[in-house]
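J.: What follows is each chain in one-letter form.
There are 2 protein chains.
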Amino acid sequence: MGRSFNKVTIIGVGLIGGSLAKVLKANKLAKEIHGAGRSRETLELALKLGVIDHMGQGLVHAVQDAELVVLASPVGSFERIVQELGPHLKKGAILTDVGSVKGGLVAKIEGLLPPGVHYVPAHPIAGKEKSGVAEASEKLFQGAKCILTPTQKTDPVALDAVKSIWIAAGSQVIVMDPETHDHVFAAVSHLPHVAAYAMVCTVAELNAGADNYLNFSGGGFRDFTRIAASSPEMWRDICLMNSKNIVEMIDRYQYALNKIKKAIHREDGERIEKFFRAASDVRKGLK
Amino acid sequence: MGRSFNKVTIIGVGLIGGSLAKVLKANKLAKEIHGAGRSRETLELALKLGVIDHMGQGLVHAVQDAELVVLASPVGSFERIVQELGPHLKKGAILTDVGSVKGGLVAKIEGLLPPGVHYVPAHPIAGKEKSGVAEASEKLFQGAKCILTPTQKTDPVALDAVKSIWIAAGSQVIVMDPETHDHVFAAVSHLPHVAAYAMVCTVAELNAGADNYLNFSGGGFRDFTRIAASSPEMWRDICLMNSKNIVEMIDRYQYALNKIKKAIHREDGERIEKFFRAASDVRKGLK
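Protein chains in written order, with our numbering: chain A, 1 to 287; chain B, 1 to 287.
Be careful, since some hints might not be right.
If several chains are the same, the list does not tell them apart, and a pair holds so long as it fits within one copy or across any two.
With a Cα cut of at most 16 Å, we get these calculated EDC-like pairs of lysine to aspartate or glutamate [said to hold, decoys possible]:
1) K259 x E205
2) K108 x E32
3) K25 x D53
4) K244 x E267
5) K145 x D211
6) K244 x D268
7) K262 x E248
8) K91 x D177
For the record, the hints were derived by calculation from the structure and aren't laboratory data.
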């Protein structure tokens, strides 16, 4: 098993932060877990549920003497939080996160940390429909991928310690550089969210008499647009932090839409079927 | 209850056709049900499961003396089938269908029928992940919408008879003209399918070393693209039969994508959030 930490502080004790706290406890990787975050209500619930052992009075107090600090708040808050807590981290402490954007953000965070504090960027590919600490489970990450994106500055011992945590969580750990991570997730996660938001906006504008077209949508449309119910603030931040890659992916997507649009406009059945068959074969290959 | 039919013929005894057969039986709306279709295997299974009472030897034989004929094969086959069976339909017979394209197709079918045969176009908004007659259930249509698209030529008595069947199935019947139907379903069903196919093609082209980007997709991407596993032939036919509306919807969708792309490119957080919030609020309102 991996290294055990005396004091762990989790900033943002929601579904992901809470589940990670449960993993640390279930695997005896943490002696005591402190929770911090904006919502006192959430922290009180996490305490009541036994997910954390202590509630911090402010960020600075919460991270004092912590050997491991986990950023599990919305990714748009990381820079501000690290600016505030950076100078108060213990020498030798490990800072990690669960954010879905890496790239430039990793370099920014590295630049904000005092020497001797080790940052290990991580991104577990997990989640479920419901959010919040009440839904937290030590099983959330089982069988899921977790991407670690170390840089040349990353301490190898700290990297191994964080890797051990995710292996204990039952995840498949994959190491990738931060730039590749952001390009990959612009395609497989950020683009589909933008596309779902755009789809809902497109259809919501249309009305047949008194009925909005959305009233006629079936299961397919609902599946397709489920992710459009996600937090607008979180996705705004992701779009701002990964703008270049997301714009590239929207361009690529529009190129594909143009190809199929032209074939439909020309009523070229052969080309339409070829395009659909290629996609359908690929999609069937995904579990 | 509605009119009871002595002989009903269902052409294409899959999930939808089989479920409708079960509805007719469960509500004693049919004395005997004949099945017809391309696949002998499917018909034999439907017979074994008691979904149909007889297997037709060819279309013409199957529809002889039928009082109700249901087209439940892929919508691309309707015109050819009606060309073949039209002259053999009994005077006073009702022809209906479960196809997802109406518009011009309705006029074509009306033009192929002899006088005294009544066509009532229908489109039940139902389906599930699995297809095939083994999945058929008289409960499939409960609580779902069923759109009827009569024209000026539609016989009001025949319309009522078909309406009664769908009410017996537990559906909410909505009447709409064929052109409006095709515009609405281009938006809520056909566009999302095209968009999902385009999304899979876009991402499948990208690789990180030996790994295809798709290997990093999570639940959101899978939900979003589930409908891209649908039958390429069926969706080719729908695109060909509703091309004008689908091209219009792709244009509208690209316009929305452009708006959000520009906001992301400019890193205009306020505009991005406004756009996402509008979509998120609408989406949360859908069940």
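J.: It remains to establish, for every hint, whether it holds in the given structure.
T.: Right, here's what the structure says about each hint:
When the C-alpha separation of K259 and E205 is checked against a cutoff of 16 Å, the pair qualifies only between copies, where the shortest distance is 14 Å, while the shortest distance within a copy is 25 Å. When the C-alpha separation of K108 and E32 is checked against a cutoff of 16 Å, the pair qualifies neither within a copy, at 29 Å, nor between copies, at 74 Å. Only within a single protomer do K25 and D53 lie at most 16 Å apart by alpha-carbon distance; the minimum there is 10 Å, versus 62 Å between protomers. Proximity of K244 to E267 under the C-alpha cut-off of 16 Å is restricted to the inter-copy arrangement: shortest distance 10 Å between copies versus 35 Å within a copy.
Taking the shortest alpha-carbon separations for K145 and D211, only the inter-copy value of 13 Å comes in at or below 16 Å, while the best intra-copy value is 43 Å. In the homo-oligomer, the alpha carbons of K244 and D268 lie at most 16 Å apart only across protomers (13 Å), although the nearest pairing inside one protomer, at 34 Å, exceeds that limit. Proximity of K262 and E248 under a CA criterion of 16 Å is satisfied inter-copy only: 12 Å between copies versus 21 Å inside one chain copy. Neither within a single protomer nor between protomers do K91 and D177 lie at most 16 Å apart by alpha-carbon distance, with minima of 25 Å and 73 Å respectively.
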